[in-house]
Amino acid sequence: MIYLPDTNVFSKYFQGRDVALRDAMTRSFFDMRLSAIVLAELEFGASKSGIKRHRNNVDLLIDQLTLVPFVGEDAHRFGHIRSHLERQGTVIGSLDMLIAAQALRLGATVVTHNLVEFKRVPKLRVVDWQTSAS
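Note that this note's numbering has the sequence shown beginning at 312, numbered continuously upward.
To be clear, the hints were calculated from the coordinates, so they are not data collected in a lab.
All residues carry an ideal CB built from backbone N, CA and C; glycine is no exception.
Check the hints yourself; a few may be wrong.
Listed next, with one range per pair, are the computed distances between beta-carbon atoms [stated by the list, open to error]:
| id | residue 1 | residue 2 | range |
| --- | --- | --- | --- |
| 1 | 330 | 399 | 10 to 20 Å |
| 2 | 362 | 331 | 34 to 44 Å |
| 3 | 375 | 416 | 16 to 26 Å |
| 4 | 400 | 334 | 31 to 41 Å |
| 5 | 313 | 390 | 17 to 27 Å |
| 6 | 366 | 397 | 34 to 44 Å |
| 7 | 366 | 398 | 33 to 43 Å |
| 8 | 342 | 370 | 13 to 23 Å |
| 9 | 394 | 364 | 34 to 44 Å |
| 10 | 438 | 400 | 24 to 34 Å |
| 11 | 416 | 340 | 30 to 40 Å |
Work out the full structure: start from the sequences and follow the hints.
Written as C-alpha cells, this is what we have:
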C-alpha cells in the first residue's frame with residue numbers, strides 16, 4: 312500500500328497535537344510518499360512564515376520520504392479529473408486534483424482530512440487518519 316498524504320496532514324502532524332494521526336503516520340511511515348505538489352505547498356508555507364521550525368520540518372520530509380514527481384501521465388489524468396468534475400459541477404481545488412492525479416497513477420491512497428472534496432474524484436482511494444476534533 313502506498314500512502315500520499317495531503318498538505319493538511321503534514322501540517323497537522325507537525326503541530327503535534329493529534330495522537331491518532333501521529334500513530335498512523337508512524338505505523339505507515341515506510342509506505343508514505345511525498346508529492347511534489349504537496350512539497351510545493353509546504354515550501355510556500357515555510358517561506359511565508361519565515362519560522363525556522365517550519366523550514367526544518369520541510370527539510371525533514373525531503374530527507375526521509377521518497378519524492379513523487381509530477382509527470383506527463385499525471386497531467387493527462389488531471390485533465391480527465393477536471394473535465395469530469397466540471398461536468399458534474401463539483402470541481403475541487405486545482406492542487407487537490409493534481410495530487411489526486413498522482414495518486415491514481417501510483418495506485419496510492421490519499422491521506423487527507425478533506426474527504427468531502429477528494430471523494431469526488433472517481434476511483435480515488437482516500438483515508439482520514441486525523442481525529443474528528445482536529
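Status of each hint after checking the structure:
| no. | hint | verdict |
| --- | --- | --- |
| 1 | 330 with 399: 10 to 20 Å | violated (37 Å) |
| 2 | 362 with 331: 34 to 44 Å | violated (25 Å) |
| 3 | 375 with 416: 16 to 26 Å | holds (22 Å) |
| 4 | 400 with 334: 31 to 41 Å | holds (38 Å) |
| 5 | 313 with 390: 17 to 27 Å | holds (23 Å) |
| 6 | 366 with 397: 34 to 44 Å | holds (37 Å) |
| 7 | 366 with 398: 33 to 43 Å | holds (41 Å) |
| 8 | 342 with 370: 13 to 23 Å | holds (21 Å) |
| 9 | 394 with 364: 34 to 44 Å | holds (40 Å) |
| 10 | 438 with 400: 24 to 34 Å | holds (26 Å) |
| 11 | 416 with 340: 30 to 40 Å | violated (22 Å) |
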